[in-house]
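Enquirer: Residue-level listing of the chains:
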Amino acid sequence: MSSFGQTASLPHALGVRSKTGSGAWVTTREAFWIALEALRTHKLRSFLTLLGVVIATATLIVVMSVINGMNLYIADHIANLGANVFIVSKYQWAQGYEAWLKARRRNQPIRVEEFEFLKENLSGYKNIGAAASMWSDDNSTRYQGHVLYNAEISGDTPSMIDIGNQKVESGRYITDSDYQHESMVCFIGHDIVDEFFPSVEPIGKEILVNGLPFRVVGVAEKIGSTFGQSEDNFVQIPLTTYRKYFAPRLSLDVNVQAYDAQQMLALEDEARALLRARRHVPYREADNFGINASQTIMDLWDRLMGSIFALTIGIVAVFMVVGGIVIMNIMLASVTERTHEIGIRKSLGARRRDIMMQFVIESVVMACAGGGIGVLLALIVSEIVDHFWTSTVPLSAVLVGLTLSSAVGLFFGIYPANQAAKLDPIEALHTEN
Amino acid sequence: MSKERDGQTIMETQMASASSGELQAPGDGVVIKAENLWKTYDMGEAIQVHALSGVSFSIDRGEYVAIMGPSGSGKSTLMNLIGCLDTPSRGAYWLNTHLVSELSDDQLAYIRNKEIGFVFQTFNLLSRASALHNVELPLIYSGMPQKDRLEKAADALRKVDLADRMHHKPNELSGGQRQRVAVARALVNNPSIILADEPTGNLDTATGEEIMGLFERLHQAGNTLVLVTHEHDIAAHAHRIIHVRDGRIERDERVD
Chain A
-6 MSSFGQTASL
4 PHALGVRSKT
14 GSGAWVTTRE
24 AFWIALEALR
34 THKLRSFLTL
44 LGVVIATATL
54 IVVMSVINGM
64 NLYIADHIAN
74 LGANVFIVSK
84 YQWAQGYEAW
94 LKARRRNQPI
104 RVEEFEFLKE
114 NLSGYKNIGA
124 AASMWSDDNS
134 TRYQGHVLYN
144 AEISGDTPSM
154 IDIGNQKVES
164 GRYITDSDYQ
174 HESMVCFIGH
184 DIVDEFFPSV
194 EPIGKEILVN
204 GLPFRVVGVA
214 EKIGSTFGQS
224 EDNFVQIPLT
234 TYRKYFAPRL
244 SLDVNVQAYD
254 AQQMLALEDE
264 ARALLRARRH
274 VPYREADNFG
284 INASQTIMDL
294 WDRLMGSIFA
304 LTIGIVAVFM
314 VVGGIVIMNI
324 MLASVTERTH
334 EIGIRKSLGA
344 RRRDIMMQFV
354 IESVVMACAG
364 GGIGVLLALI
374 VSEIVDHFWT
384 STVPLSAVLV
394 GLTLSSAVGL
404 FFGIYPANQA
414 AKLDPIEALH
424 TEN
Chain B
538 MSKERDGQTI
548 METQMASASS
558 GELQAPGDGV
568 VIKAENLWKT
578 YDMGEAIQVH
588 ALSGVSFSID
598 RGEYVAIMGP
608 SGSGKSTLMN
618 LIGCLDTPSR
628 GAYWLNTHLV
638 SELSDDQLAY
648 IRNKEIGFVF
658 QTFNLLSRAS
668 ALHNVELPLI
678 YSGMPQKDRL
688 EKAADALRKV
698 DLADRMHHKP
708 NELSGGQRQR
718 VAVARALVNN
728 PSIILADEPT
738 GNLDTATGEE
748 IMGLFERLHQ
758 AGNTLVLVTH
768 EHDIAAHAHR
778 IIHVRDGRIE
788 RDERVD
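Residue numbers (my numbering), protein chains in the order written: chain A, -6 to 426; chain B, 538 to 793.
Bound conformation, chain A alone:
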């Protein structure tokens, strides 16, 4: 019975062990030390092992960054037709090829009379305007021997300045008087100024647009570029002048600005109903014109990005699994290689979970290092992409990348770590490496 007293002293001794409280932390720190040591001694091997995870993480982050960058861009530039603006034009944008082929046969150009009709009959819009333009390599703009072939030449109503995202920097926009008298005046973008009038006041100068002389009456504020396409490379003249000299029957884009976002849909519907009535489109038939808004572009954009992202997820998943298997393989090799060490550690009192922890942490640290390298690579690639196009690395992408790679290390590290933890200490000690 006296032995009871002695055995009872045991939990007390154990209590001392756990009272330090930092037991798990101490062995975990040792595991980190071993993991970093292993990475340090096998630099090349570790790097090759991690290539899969590096590529997977980098791919994920770069794609997320490019999509993110483009989203910001789209929101900023393309979708910004002006606040609460929709455009009535010959075609509906962003539709499938089949639909477009049909529309090409059926749709009618928007006429000036139709613009006037909408202007008269639409109820309660903030602004309405029309513009016509034609992209053509034959377009030419000249000033004293300098020639520009790629400027966008358009005919606009005076109200267009209040609708789009252009602002007058100096001079004035096209006026009602210009519009009525088919004046030979133009309002030019900043690229034209940079090209023709780098050090001269452009207002009052005369430039040749497709061979005809136009007097510069105003200059627009600089806008910037979208996907490398400058938004400042334009010459705007009165719509009436444009129709008289360049393209009398060209379809118009009628820009309608609503007072607020809530009014948009109602106004679009009204415009559609008016135009269908005027054109006598039968009840069952589709519109033979298009009504476009920022939302049209955003919808298409979201669909497109959704597919790209889904594809990326698939590719990244494959990379990650391959990377994980490579890590598992190298960890199994590492366990075999360090069997003797495991024996030593076990003889000194390492428990299964200590050994398990050691190898799992090594695997996670390795995968996480791969993720880290992937992040750096992604930052570099993203920077380069941003130079030519657009890319902004969101913090969430970095976090997702690191978390995912750690998770892969954890998942694929468990099996080898368990193999190590299961080793018999005697056999492990007798294994010579």
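Fair warning: there could be bad hints in the mix.
[To be verified] Sample of chain B residues at the chain A side, in silico, Cβ under 8 Å:
#1 Leu622
#2 Asn650
#3 Tyr678
#4 His780
[Stated by the list, open to error] Restraint-style ranges between C-beta atoms, simulated for each label pair:
#5 A:Leu41 - B:Gln585: 43 to 51 Å
#6 B:Asp685 - A:His35: 54 to 62 Å
#7 A:Leu392 - B:Gly599: 54 to 62 Å
#8 B:Gly599 - A:Thr21: 19 to 27 Å
#9 B:Asp685 - A:Lys415: 28 to 36 Å
#10 A:Trp18 - B:Ala700: 39 to 47 Å
#11 A:Gly307 - B:Gln585: 55 to 63 Å
Hints in this document: simulated from the structure, not taken from any laboratory. Ideal Cβ positions, reconstructed from N, Cα and C, are used throughout, including at glycine.
With chain A's structure known, arrange chain B on it following the hints.
Expert: Okay, now just chain B, sitting in the frame of chain A:
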């Protein structure tokens, strides 16, 4: 928490065994008590090999015991049992009041950590770690915070006269120095016994004598030493020799 759970199970196991009444736990002053230990290996086809067939002995605190025997005598098996690296097929083994023969893997690891200091023939140091870190290892697995750990490990190295070699790696040390690091590592957790397996086997005679001198000092300081060897000269340093042959104790003699 989990560590306490280990302890809890150890206690419960032992109480269960003690209450079964068949086994008599050792009294005070006894560090090791082995009762009728058997170790049997199944070699398949109903062939059984008895590495140990009914070994009983006990070792008191402060004793310096050599276990001697030729290869194949079962002394390695006995050493594995004493060192809690293995459990017997039959019989009971107490180490400092823990009934080791009934314990699980992790409980054995705990006992090895707390109660046993190993000194191996091949030193078994981690080659990539410094002497200091090697000595720290048992303290790491007992969960001691770094500050206390470094202090204790440095102390242990000082005891074996390696204070100036703490930050050297094993491959920068001589054989004798390596074995002294191993001795420091064995000492650092204040174990109940120091278990040395052919500690001079990889050393030249002079260095071997130096290590045996160190063991004598540890013995004088009150440590319990168990030495496993096949060499008479080495066994002669101990104060008691247990001769093992064919899985049995052949002779148990005191030397003075």
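Enquirer: Determine for every hint whether it applies to the structure shown.
Expert: Going through the hints against the structure:
1. With a cut of 8 Å, the hint placing leucine 622 of chain B at the interface with chain A holds, because the nearest CB-to-CB distance is about 5 Å.
2. A cut of 8 Å between beta carbons decides the hint on asparagine 650 of chain B: the least distance to chain A is about 2 Å, and the hint holds.
3. With 8 Å as the threshold, the beta carbon of tyrosine 678 of chain B comes within range of chain A, its nearest partner Cβ sitting at about 4 Å, so the hint holds.
4. Here the hint on histidine 780 of chain B is broken, as its CB sits about 23 Å from the closest CB of chain A, past 8 Å.
5. Checked against the given bound of 43 to 51 Å, the beta carbons of leucine 41 of chain A and glutamine 585 of chain B, roughly 49 Å apart, stay inside it.
6. Restraint check, aspartate 685 of chain B to histidine 35 of chain A: a C-beta distance of roughly 32 Å breaks the suggested window 54 to 62 Å.
7. Between leucine 392 of chain A and glycine 599 of chain B the beta carbon distance is about 60 Å. The supplied range of 54 to 62 Å therefore holds.
8. Against the hinted window of 19 to 27 Å, the Cβ-Cβ separation of glycine 599 of chain B and threonine 21 of chain A comes to about 38 Å, which falls outside the hint.
9. The hinted window of 28 to 36 Å between aspartate 685 of chain B and lysine 415 of chain A holds, with their beta carbons roughly 32 Å apart.
10. At about 29 Å, the CB distance of tryptophan 18 of chain A to alanine 700 of chain B disagrees with the hint of 39 to 47 Å.
11. The given range of 55 to 63 Å is respected by glycine 307 of chain A and glutamine 585 of chain B, whose C-beta atoms sit roughly 57 Å from each other.
Of the numbered hints stated above, those contradicted by the structure are hints 4, 6, 8 and 10, listed in ascending order.
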